[in-house]
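Student: Chains as they are written, first to last, in the numbering used here: chain A, 1 to 329; chain B, 1 to 329.
Hints are supplied without guarantee of correctness; some may be wrong.
[As the list claims (entries may be wrong)] One side of the interface only, derived from the structure: several residues of chain B facing chain A at Cβ under 8 Å:
1. 42
2. 47
3. 49
4. 50
5. 53
6. 55
7. 98
8. 99
9. 102
10. 105
[To be verified] Taking CB as the label site, the calculated pair distances span:
11. B:50 to A:159: 27 to 35 Å
12. B:217 to A:41: 44 to 52 Å
13. B:319 to A:327: 27 to 35 Å
14. A:17 to B:97: 15 to 23 Å
15. B:257 to A:61: 44 to 52 Å
16. B:61 to A:201: 26 to 34 Å
17. B:135 to A:41: 26 to 34 Å
18. B:329 to A:4: 27 to 35 Å
19. A:186 to B:135: 49 to 57 Å
20. B:135 to A:216: 47 to 55 Å
[What the hints assert, rightly or not] Below, computed lysine to aspartate or glutamate pairings styled on EDC-like, alpha-carbon distance capped at 20 Å:
21. B:67 to A:105
22. A:67 to A:322
23. B:67 to A:17
24. A:67 to B:96
25. A:67 to B:71
26. B:138 to B:96
27. A:265 to A:127
Rather than coming from a laboratory, the hints here were simulated on the basis of the structure. These figures come from a predicted structure and were not determined experimentally. Quick reminder that beta carbons are idealized off the backbone N, C-alpha and C, glycines included.
Protein chains: 2
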Amino acid sequence: MHNDLLVIDGLQYSNWDREIFQQLHDGGVTMVHATIVYHEQIRETLSRIAQWNRLFEDNADLIMPIKSAADIHLAKQQGKVGIMFGAQNCSLIEDDIGMIEIMRELNLMIMQLTYNNQSLLACGCYEKIDSGVTRFGKQAIAEMNRVGMIIDMSHSGEKSTLEAIEISSRPIVISHANPTSFYPAKRNKSNLVLRQLSQSGGLLGFSLYPFHLKNGPDCTLQDFCQMIANTADLMGIEHIGIGTDLCQNQPVSILDWMRNGRWSKQTDYGEGNKNNAGWPRPLPWFRDSRDFPNLTRGLQEIGFHDTEVAKIMGLNWLRFFENSLSARS
Amino acid sequence: MHNDLLVIDGLQYSNWDREIFQQLHDGGVTMVHATIVYHEQIRETLSRIAQWNRLFEDNADLIMPIKSAADIHLAKQQGKVGIMFGAQNCSLIEDDIGMIEIMRELNLMIMQLTYNNQSLLACGCYEKIDSGVTRFGKQAIAEMNRVGMIIDMSHSGEKSTLEAIEISSRPIVISHANPTSFYPAKRNKSNLVLRQLSQSGGLLGFSLYPFHLKNGPDCTLQDFCQMIANTADLMGIEHIGIGTDLCQNQPVSILDWMRNGRWSKQTDYGEGNKNNAGWPRPLPWFRDSRDFPNLTRGLQEIGFHDTEVAKIMGLNWLRFFENSLSARS
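Pulled out of the complex, with its shape left as it was, chain A reads as follows (with noise of 0.2 Å):
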């Protein structure tokens, strides 16, 4: 079944080079939501667009920018990967409105109101007070709206997050994390953003990061599946995708400037410790790209139907951008 599939992934951060486009391909993934900056400003920002230009032009017979919801339809019909850009962080607009379309018009889609902290927008998961959506936040989701720019509250904190689903006049989605109930990481969401999430029409991407699975690293492919199962019956069939976060062959140095970016002389562990610094170690279900296939056994073996399969594979995905991604006068 899975060669069929229209399959997407709502989030990677890997260390891109060919051998990892051809895994994406092996694992039949028509698109791949990928993370280009975290903290990175705006000048940092366009250097970072370059270098993705250099990937575009040098492998052109595997990948292809994703510039609308039609490119994803015209990778699968090529049988390429689709690269969609997604920023983690709101760090490059800086402090900047009119950066926000700037962004968008060279196909950045998707941008994270926070990523842990409190940013200019609004509060990470990881701050003890969340006071919400800031000025500039609502102005921001705003002009987001306007532009076709999709709101990911991934990494913030839960009043923030239940405000952008409230503020946003379009759906916005949660592309990388788990229920709380399933495992109580900071980074996982509460049955009632969960919920307002899927009633306003967004969207949730299961992570396969073990940071944020019951057992870590040693999560069975079948838990996670019954996960997914648990939160359909929660969320509705149609809210649900993959949002793996996969990062792979990254240095720990790229963990280093995810979690402690510029702002940290104290060395910040973010969701390992001290004792546990480094990556974790991977799922065996999951190593890297290819084993999508797995995914859908998986979901097929704790009885999903084949539509509900390719709902959750990536149909629930394309749904969502081909509503997404147009401008608003």
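Fit chain B to the given chain A structure using the hints.
Tutor: Okay, now just chain B, sitting in the frame of chain A:
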């Protein structure tokens, strides 16, 4: 006749506001190549684009961005003024070849390799010795050819201009200048350059900036149109257009910015001098964009047929853009 024409102005740098857009509309202009930056670097250029995005939003009934040659036809059809972004220097890419594609993605369609001075890419027309296109310049020309960004040598030296024509695999433009044989300003171009330009498929836009005209602000419409007739004999009727260089409602501080950027502590007076440091007096027959019909009339009176007038007033530019803006793999 004027109202039936598709009129293109190959360069303006006005102090853009709704009044000026209305004047362009009233003058029957379908598209204007608008200089958005001189010496602005990457971050500053993004701010200029953000300002333009606000202008597009606030004046959507009157203007529209030109993102492809097809958009020029759309502007004509909808009776709007199309705005094509251009740069009069290469500061906006700094020292980074990757920024060419990024600026092109932001609809920057035309870039001068130099503005009077030596740049990282080539030599300007005010330097004593023009050593031609630089190593970086050769790479930049190839990249501009690839992504469909037009090379403009209006402010470049003779050797650099001849080399750019030779090196570029696609035709280039001199968007706003006149023949030296008409008036020997440093900014005007030799017959050798003009012949090479036309033989390579390029285009010259005739300037209405008084510093480029015989008798300056007292140049007559008839003399101007006779110059066009003589140049048509030299270059061929297909290779000429209009590039007014209109700088309407600009304060003197902008003239200083154009001439001095950040490079000089002493005041450089450019085409003026200490006793004539300001903007030139406007031509009585071309005070602003509402006077475009005078050009049409002048060309008819000098003896051009209507089909020739249509080419000079816009169709040559249109054809040039239709061949120049697509990417090449």
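Student: None of the hints should be skipped; say for each whether it holds.
Tutor: Hint by hint, here is what the structure shows:
1. 42: It holds, given that the least Cβ distance between residue 42 (chain B) and chain A is near 6 Å, below 8 Å.
2. 47: holds, 7 Å
3. 49: holds, 6 Å
4. 50: holds, 3 Å
5. 53: holds, 5 Å
6. 55: violated, 12 Å
7. 98: holds, 3 Å
8. 99: holds, 7 Å
9. 102: holds, 6 Å
10. 105: holds, 6 Å
11. B:50 to A:159: 27 to 35 Å: With a Cβ separation near 30 Å, residue 50 (chain B) and residue 159 (chain A) satisfy 27 to 35 Å, so the hint holds.
12. B:217 to A:41: 44 to 52 Å: Because 46 Å falls inside the window, the suggested range holds.
13. B:319 to A:327: 27 to 35 Å: holds, 30 Å
14. A:17 to B:97: 15 to 23 Å: With Cβ atoms ~21 Å apart, the hint holds.
15. B:257 to A:61: 44 to 52 Å: holds, 46 Å
16. B:61 to A:201: 26 to 34 Å: holds, 32 Å
17. B:135 to A:41: 26 to 34 Å: Holds: the Cβ-Cβ distance is about 29 Å, inside 26 to 34 Å.
18. B:329 to A:4: 27 to 35 Å: Holds - the Cβ-Cβ distance for residue 329 (chain B) and residue 4 (chain A), about 30 Å, lies within 27 to 35 Å.
19. A:186 to B:135: 49 to 57 Å: At roughly 52 Å between Cβ atoms, residue 135 (chain B) and residue 186 (chain A) fall inside 49 to 57 Å, so the hint holds.
20. B:135 to A:216: 47 to 55 Å: holds, 53 Å
21. B:67 to A:105: Cα-Cα ~11 Å, so holds.
22. A:67 to A:322: holds, 12 Å
23. B:67 to A:17: violated, 31 Å
24. A:67 to B:96: violated, 24 Å
25. A:67 to B:71: holds, 18 Å
26. B:138 to B:96: This hinted pair holds, its Cα atoms lying about 13 Å apart.
27. A:265 to A:127: Given pair residue 265 (chain A), residue 127 (chain A) holds - Cα atoms ~17 Å apart, limit 20 Å.
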